Amino acid sequence: MNEELIRVDRLTMHFPLQKGLLANLFVREKRFVHAVNSVSFAIAKGEVLGLVGESGSGKTTTGRMILRLLEPTAGEVFYKQDNITAYSARDMECIREKMQVIFQDPFASLSPRMSIGDAISHPLKIHGLAKGAAARDMTLAIMEKVGLSPAPFLYRKYPHQISGGQRQRAVIARALITRPDFVVADEPIAMADVSVRAMILDLMAQLKEEFELTYLFITHDLATCKYICDHIAIMYLGRIVEIGPLRSVFSNPVHPYTATLLDAVPVPDPRYRRTHRMPRGEIPSPIDLPPGCSFHTRCPFARESCRVEVPALTEVGGAHAVACPVRAGSRGS
Amino acid sequence: MDHTETLLDIQDLRVEFPISIGTVRAVQGVSLTLKRGEVMGLVGESGCGKSTLGFSLLRLLRPPGRIASGRILYHGRDIVAMEEKELLAVRGTGIAMIFQDPLTSLNPLMSISEHFVETLRTHEKGISRHDALERAGGMLESLGIGTNRLHEYPHQMSGGMRQRIMIGLALIMKPDLLVADEPTTALDVIVEAQFLDLLQTLRESLNLAIILITHNLGNVAQLSDRITVMYGGTIAEVAPAQALFDEPLHPYTQGLLASIPNIRLEQPRLHTMPGSTPDLVDPPSGCIFHPRCGRAMDICSRQRPPAFLRNGHEVSCWLYGDAP
Numbered sequence: 121m122n123e124e125l126i127r128v129d130r131l132t133m134h135f136p137l138q139k140g141l142l143a144n145l146f147v148r149e150k151r152f153v154h155a156v157n158s159v160s161f162a163i164a165k166g167e168v169l170g171l172v173g174e175s176g177s178g179k180t181t182t183g184r185m186i187l188r189l190l191e192p193t194a195g196e197v198f199y200k201q202d203n204i205t206a207y208s209a210r211d212m213e214c215i216r217e218k219m220q221v222i223f224q225d226p227f228a229s230l231s232p233r234m235s236i237g238d239a240i241s242h243p244l245k246i247h248g249l250a251k252g253a254a255a256r257d258m259t260l261a262i263m264e265k266v267g268l269s270p271a272p273f274l275y276r277k278y279p280h281q282i283s284g285g286q287r288q289r290a291v292i293a294r295a296l297i298t299r300p301d302f303v304v305a306d307e308p309i310a311m312a313d314v315s316v317r318a319m320i321l322d323l324m325a326q327l328k329e330e331f332e333l334t335y336l337f338i339t340h341d342l343a344t345c346k347y348i349c350d351h352i353a354i355m356y357l358g359r360i361v362e363i364g365p366l367r368s369v370f371s372n373p374v375h376p377y378t379a380t381l382l383d384a385v386p387v388p389d390p391r392y393r394r395t396h397r398m399p400r401g402e403i404p405s406p407i408d409l410p411p412g413c414s415f416h417t418r419c420p421f422a423r424e425s426c427r428v429e430v431p432a433l434t435e436v437g438g439a440h441a442v443a444c445p446v447r448a449g450s451r452g453s
Numbered sequence: 101m102d103h104t105e106t107l108l109d110i111q112d113l114r115v116e117f118p119i120s121i122g123t124v125r126a127v128q129g130v131s132l133t134l135k136r137g138e139v140m141g142l143v144g145e146s147g148c149g150k151s152t153l154g155f156s157l158l159r160l161l162r163p164p165g166r167i168a169s170g171r172i173l174y175h176g177r178d179i180v181a182m183e184e185k186e187l188l189a190v191r192g193t194g195i196a197m198i199f200q201d202p203l204t205s206l207n208p209l210m211s212i213s214e215h216f217v218e219t220l221r222t223h224e225k226g227i228s229r230h231d232a233l234e235r236a237g238g239m240l241e242s243l244g245i246g247t248n249r250l251h252e253y254p255h256q257m258s259g260g261m262r263q264r265i266m267i268g269l270a271l272i273m274k275p276d277l278l279v280a281d282e283p284t285t286a287l288d289v290i291v292e293a294q295f296l297d298l299l300q301t302l303r304e305s306l307n308l309a310i311i312l313i314t315h316n317l318g319n320v321a322q323l324s325d326r327i328t329v330m331y332g333g334t335i336a337e338v339a340p341a342q343a344l345f346d347e348p349l350h351p352y353t354q355g356l357l358a359s360i361p362n363i364r365l366e367q368p369r370l371h372t373m374p375g376s377t378p379d380l381v382d383p384p385s386g387c388i389f390h391p392r393c394g395r396a397m398d399i400c401s402r403q404r405p406p407a408f409l410r411n412g413h414e415v416s417c418w419l420y421g422d423a424p
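If you're matching them up, the sequences are chains A and B in order.
Residue 121 is where the first sequence starts when you use our numbering, and the numbers rise one by one after that.
Residue 101 is where the second sequence starts when you use our numbering, and the numbers rise one by one after that.
What the hints contain is simulated information worked out from the structure, not anything from laboratory work.
Note that the structure is predicted; figures quoted are calculated from it, not measured.
Hints should not be assumed to be uniformly reliable.
Keeping only pairs whose Cα atoms sit at most 20 Å apart, straight-line, the calculated SDA-like set for lysine to any residue is [said to hold, decoys possible]:
1) A/Lys328 x B/His175
2) B/Lys135 x B/Gly412
3) A/Lys165 x A/His440
4) A/Lys265 x B/Pro374
5) A/Lys251 x A/Ser235
6) A/Lys328 x B/Leu370
7) A/Lys277 x B/Gly375
8) A/Lys265 x B/His175
9) A/Lys328 x B/Pro368
10) A/Lys218 x A/Gly176
11) A/Lys265 x B/Arg114
12) B/Lys274 x B/His175
13) A/Lys277 x B/Gly412
14) A/Lys265 x A/Gly166
15) B/Lys135 x B/His230
16) B/Lys225 x B/Gly194
17) A/Lys277 x B/Pro378
18) A/Lys277 x B/Asp379
19) A/Lys218 x A/Ile204
Beta-carbon label-pair distances, calculated as ranges [claimed, not checked]:
20) A/Ala253 x B/Asp382: 45 to 51 Å
21) A/Gly437 x B/Glu241: 44 to 50 Å
22) B/Ser146 x A/Asn372: 35 to 41 Å
Cβ atoms here follow ideal geometry from the backbone N, Cα and C, with glycine treated the same way.
Isolated chain B, as found in the complex:
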């Protein structure tokens, strides 16, 4: 990989939530890189740490959550070590984030235009109201929303439209990375499809890098360049989208893929995975997936597997390499 092209470089990130009964190890040593303009699907079940990882990128973790160790290099600068002032400049203008529920992300007492004016004035001191509204109008148009709706309030808009407003607010400062945390989970299926189409158009026209966090592998299949599968706060597998679907290597990825319904395929039955997701206060020893894994070996319960390179996949599983 051309190093100058690297936009984001996460190195051995650990995130913890100290709570009364112990410490939840939500992210346990995650390393990941993202290139300029690349779309990364970040997939996993609830509690796997995917949203925590997303929030860490902007240091938006709610206390008592904290980054315990590791580095997040964005354009070579470490977000973990940044001063508050520098961080504020990165938020919005460099990295922007959108969330699952657009209604709770918008202020019900502010019109759409006020949302845009506030965002623009926060980052560009001295921009006139007129200019701000002009920019907002242009953004709405590119999102397929009439500029006449600029003065409406969030409750006057449908769910899909609100989510488009969110993306408009996120992109108005022209960031080069968008972190989208389950952006379509609250939307109905047709609106969801419309929204994913919009994301596709935007990434092409803006050369935008996107981290698309979702529990739905179907959502990321067509949009992502690469897909990261997380399990129990660790990365199980990273691979180019096509390769991941064609030849999943990690037993967890295999199980996950086989248990999602595909409307275009003849599958008489869905695969079921035994057991349930791990307790992250007291995670299993060795590979976190080993208690549910049908191919677990001796070493799996003793030692955490590193990421092995195999056919373009990075797979953290002892089936693909030996202990050093």
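Here chain A stands alone, though its shape is the one from the complex:
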């Protein structure tokens, strides 16, 4: 493993439930949405970790806590071995240029009143990296790099005047202009059309090599992970249930949830038939988490012990770890 760039240790986020005034005054027991529950992982320099889960699994919250766009309830984030959860707002500002983010909706990420060029060069101004002609040159250069060409022409355009694919390119350019080494990409292609998705994925992979980037790639779509991720972590109700090298997890999913999720992915082939039955029901509420393993309510392999103990991630070989003693044990290893 390369040098570690990001490490997350027992990161936890519990959002207090907003109740009415009377309830706040008279009900003593506070309730919480258990969005993220003690999540730990590390990302090596130059690696892409895919954080995969359904809506409400806590994947976006995890990404935001790493960038301290949300203050974690508990746990720590290390950037180059440095505990940034302890940083002051000022210190944090200094390293923000090294940690950037790309959101799902490029239209909402760009100010309608700012031209594309101004939006992309804005971070240079904020971080005091360049101004005037130098800033403009850097902006034009990065625009060409992400395929926004002819750059001098597009520089003056406003977000509504360019296509969705170009908008997402502009958002990527803005994230990369400060030369970050870590980027959180939160569903960067979920809003794009099929033909545009492939282009954005391709671009992200190419830029990763060129700028020596490390990505946390947050997605609900397992299929796209295949084209960009080195490792993946599967989240369910705020916990990582399986993590490991992409190939290992895809070819040998151990956790019953991972297996179900992989099987549920629509396959563009009329001959294909699913092998597993889909579990009945849906994800339980993160307010009252099921005791023990969160998946036991839907799991075909659940035993008595699963309802009691929260299973820890256990290695099943080659950096592939699973939080399911039942299935991990039955592999005969």
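Dock chain B against chain A, hints included.
Just chain B, lined up with the frame of chain A:
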């Protein structure tokens, strides 16, 4: 094709949206047939006209959208020319429609049972409340939802369950055609798989014809008998599902298929298509796809290709035929 079996026959349909800067030609001369009990996947990217086509089938277009010309023959009767009264009878009892977002399709102030009672009473005057509830309960059971949930409200149900309620409401009057517009787009992947399984069961038990509108080719692959690929308000290709995936003929279909990720295949890279979707106020001349097409010829920019028959595909591309 046996003509008596034809359920729906769309002939040269044109739909327009007059707006301030011109007219959006959302559907530009689409012809399509559907047989009884047939499942048709209607696939395309945003703005290709697939949803507009779906809405036209029930004349549910929002103004200023209007059907400019063409016919939609349902059991031989033209929906475009129908009187309002006749149209109301077709909606729900003949053709039913479900939409992408089940939460906005259900009334938050009405319990599930009230939704069913309202639907049944609209179409069957004089049905008693007791009978209506009985029918609703039976429907819920066939959808895998306990009848005890009949008196709950939409907000008490999960997304997947709401979408099942929608399909229950759509099918309670036993229509023979269901138009489903992106029914699983708002659902998570496991719930989506459950829902597609349900559709499969329903079409078999009810001999239901379905038009499944989606941007996701993976969703329609296993369920559809035939697939229609739309681009820029026109039909690029229609073919039996297997044939379309095995041997896509239209360059757009080929590009689309190559750019979708397939988790079961070893593809090191995805195909990318140059350019972006066309401006439908001022669409390209000739074949609408020609500016993005790697195999465009002289004629492509001059003349719109008709549908050519080739190996069971209907493909609108000059690569497969000559100008008459």
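Hints, one by one, checked against the model:
no. : hint                            : in the structure
1   : A/Lys328 x B/His175             : violated, 57 Å
2   : B/Lys135 x B/Gly412             : holds, 16 Å
3   : A/Lys165 x A/His440             : holds, 19 Å
4   : A/Lys265 x B/Pro374             : holds, 16 Å
5   : A/Lys251 x A/Ser235             : holds, 16 Å
6   : A/Lys328 x B/Leu370             : holds, 17 Å
7   : A/Lys277 x B/Gly375             : holds, 18 Å
8   : A/Lys265 x B/His175             : violated, 56 Å
9   : A/Lys328 x B/Pro368             : holds, 16 Å
10  : A/Lys218 x A/Gly176             : violated, 28 Å
11  : A/Lys265 x B/Arg114             : violated, 42 Å
12  : B/Lys274 x B/His175             : holds, 15 Å
13  : A/Lys277 x B/Gly412             : violated, 46 Å
14  : A/Lys265 x A/Gly166             : holds, 19 Å
15  : B/Lys135 x B/His230             : violated, 36 Å
16  : B/Lys225 x B/Gly194             : holds, 17 Å
17  : A/Lys277 x B/Pro378             : holds, 19 Å
18  : A/Lys277 x B/Asp379             : holds, 18 Å
19  : A/Lys218 x A/Ile204             : holds, 13 Å
20  : A/Ala253 x B/Asp382: 45 to 51 Å : violated, 37 Å
21  : A/Gly437 x B/Glu241: 44 to 50 Å : holds, 46 Å
22  : B/Ser146 x A/Asn372: 35 to 41 Å : holds, 37 Å
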